[in-house]
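Novice: Whole structure, please, built from the sequences with the hints as guidance.
The listed protein sequences derive, respectively, from chains Z and W.
For the first sequence, the tail end lands on 82 under the UniProt record's numbering, and the numbers increase by one without skipping.
For the second sequence, the tail end lands on 404 under the UniProt record's numbering, and the numbers increase by one without skipping.
Read the hints as simulated data drawn from the structure, not as lab findings.
Some clues are possibly wrong.
As the list claims (entries may be wrong) - Only pairs whose alpha carbons sit at most 30 Å apart, straight line, appear in this in silico DSS-like list of lysine-lysine:
hint, chain 1, residue 1, chain 2, residue 2
1, W, Lys63, Z, Lys58
2, Z, Lys5, W, Lys117
3, W, Lys117, W, Lys63
4, W, Lys50, Z, Lys63
5, Z, Lys58, W, Lys90
6, W, Lys115, Z, Lys31
7, W, Lys63, Z, Lys63
8, Z, Lys5, W, Lys63
9, Z, Lys68, W, Lys63
10, Z, Lys63, W, Lys117
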Amino acid sequence: MAQSKDEVLAGLAALVNDETGVPVESVVFGKSFAEDLDIDSISMMTIVVNAEEEFGVKIPDDKVQELKTVDDAVDFIVGAQA
Amino acid sequence: MTGIGTTSPLGGNATDTWDALLRGESGIRSLTEDWVEQYELPVTFGGRVKVPAVEILERIELKRLDPSAQLAVIAAREAWLDAGEPTDAKERILVDFATGIGGLGTLLDAWDVLKEKGPRRVLPMTIPMLMPNAAAAAISMDLATRGGARTCVSACASGTESIANAVDHLRQGIADVVICGGTESVFHPLPIAAFAAMHALSTRNDDPARASRPYDIDRDGFVLGEGAAVLVLETYDHAVARGATMYAEIAGGAVTSDAHHITAPDPEGHGASRAVLDALAHAGVSPADVNHINAHATSTPVGDVAEYTALHKVFGDRIKEIPVSATKSATGHLLGGTGALEAIFTVLAAKHRLAPPTLNLDNQDPEIPLDVVTSPRELPENVVAISNSFGFGGHNAVVVVKSL
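Specialist: What follows is the structure, given as structure tokens:
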């Protein structure tokens with residue numbers, strides 16, 4: 001089930017908000033998870049676990065390190081769904 | 001003793017809890033969770049906290065903390081505020097905090113996820129939420145204290161042992177302020193089934209508020225409760241120097257062990273009576289000075305008699321003249337949190353010169369001829385009280401409270 005980038009962004013923003021309390025409107029393209037949104041590594045790992053279930057994809061552990069921005073994550077998820 | 005806080009089956013803070021206790025209210029109710037029926041549990045009631053954590057804490061705090069740590073943080077914030085938020089160097093403020101079991105609900109929920117969805121769905125916060133030191137760590141982080149965050153685990157004696165430890169820390173001079181107490185929250189079908197398997201729990205399902213009945217001839221086991229209680233302790237001189245309001249003095253405490261049986265109390269009460277005597281000696285008072293007791297009194301057929309035997313060993317026939325309060329009759333048994341809650345009751349009894357009531361004593365067991373307080377009773381001007389706790393493993397802990 002492939003989703004559009006905007007659909008994935010909306011779903012990801014909801015997961016980020018649920019885990020960290022960061023407002024969904026702050027989770028937009030161009031933002032870095034660590035620097036801009038102040039998300040620590042354990043929250044990031046939780047978001048990854050929940051994202052795998054939400055989007056029906058597998059995010060390998062070595063790939064997680066590369067997902068530094070909202071764009072990285074959305075692009076990866078959209079690619080993995082395709 | 002300059003600050004108290006609690007969230008308990010009787011109320012969401014210390015004042016509400018104490019007032020409900022004096023009014024003779026019970027915090028024990030039928031459980032409404034789906035799993036009670038789903039698993040056909042043999043026990044269908046307990047003492048959930050009166051004010052759920054979800055009504056107090058931020059969503060992120062609820063997600064990051066096991067329920068036992070959630071309740072600990074709520075009670076610690078109240079106690080710290082009540083103590084006037086001491087401004088000592090954070091390195092001189094120590095947390096010594098108790099739990100009987102720790103983050104059991106988190107552990108069991110994560111196991112369910114693993115079985116149903118596989119290891120990749122197990123959340124990374126699982127370990128930091130289930131570890132038994134999580135509550136002490138949460139308090140230390142929440143109040144930014146850096147003098148050590150210790151954890152005391154001795155089953156149902158834990159909360160009292162934590163307070164005894166706190167007195168030692170202050171006497172040793174390793175801290176200026178100690179935040180102590182205990183917490184527990186294990187309302188989940190597994191611990192209820194497991195305690196029921198031991199025949200430890202009351203099965204008075206049709207009348208929950210009357211199920212916890214220490215010393216009554218028809219008592220049939222303890223009632224599971226949940227909650228946290230926190231006390232802020234500092235030396236007398238330190239409290240005076242910063243102009244703090246003092247409730248009472250935690251004059252001493254002691255811990256002993258039975259080496260008798262993993263769950264059964266020593267019927268002779270050797271370890272328990274020694275804990276009382278050691279605590280009194282630590283406090284610099286004698287058995288003849290004691291004029292109030294908050295008993296462990298869980299409402300089990302064997303435990304209540306064993307505690308009486310231990311008390312008789314210490315006080316002799318004078319035990320019949322000492323007003324005894326068995327407050328688990330109203331709160332249920334908070335396991336690792338229970339000793340701390342009962343220490344707060346003992347402190348408030350000393351402050352207000354008022355012993356709180358014991359509920360449900362319809363027919364007192366003739367084998368336990370204690371002077372049980374059944375409606376609030378005035379205490380003498382100079383209160384010297386003890387609060388007892390005993391735990392599986394043969395743990396005995398006693399603290400001594402003196403009025404100021």
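Novice: Is lysine 5 (chain Z) close enough to lysine 63 (chain W), meaning Cα to Cα at most 30 Å?
Specialist: holds (28 Å)
Novice: Please verify whether lysine 58 (chain Z) and lysine 90 (chain W) have alpha carbons no more than 30 Å apart.
Specialist: This hinted pair is violated, its Cα atoms lying about 44 Å apart.
Novice: Does the structure keep lysine 115 (chain W) and lysine 31 (chain Z) at a Cα separation of 30 Å or less?
Specialist: violated (36 Å)
Novice: Need the status of pair lysine 63 (chain W), lysine 63 (chain Z): alpha-carbon distance at most 30 Å?
Specialist: Holds, at roughly 26 Å.
Novice: Starting from lysine 50 (chain W), check that the Cα of lysine 63 (chain Z) is at most 30 Å away, please.
Specialist: Violated, at roughly 46 Å.
Novice: Tell me if the straight-line CA distance from lysine 63 (chain W) to lysine 58 (chain Z) falls inside 30 Å.
Specialist: Roughly 24 Å between the alpha carbons, so the hint for lysine 63 (chain W) and lysine 58 (chain Z) holds.
Novice: Does lysine 63 (chain W) lie within 30 Å of lysine 117 (chain W) when you go C-alpha to C-alpha?
Specialist: Within the cut-off at roughly 20 Å; holds.
Novice: Holds or violated: lysine 63 (chain Z) and lysine 117 (chain W), Cα atoms, limit 30 Å.
Specialist: holds (21 Å)
Novice: Within a Cα-Cα threshold of 30 Å, do lysine 68 (chain Z) and lysine 63 (chain W) meet the stated pairing?
Specialist: holds (24 Å)
Novice: Below or equal to 30 Å on CA atoms is what counts here, so check lysine 5 (chain Z) against lysine 117 (chain W).
Specialist: Status holds; Cα separation ~27 Å.
Violated hints for the displayed structure, listed by number in ascending order: 4, 5 and 6.
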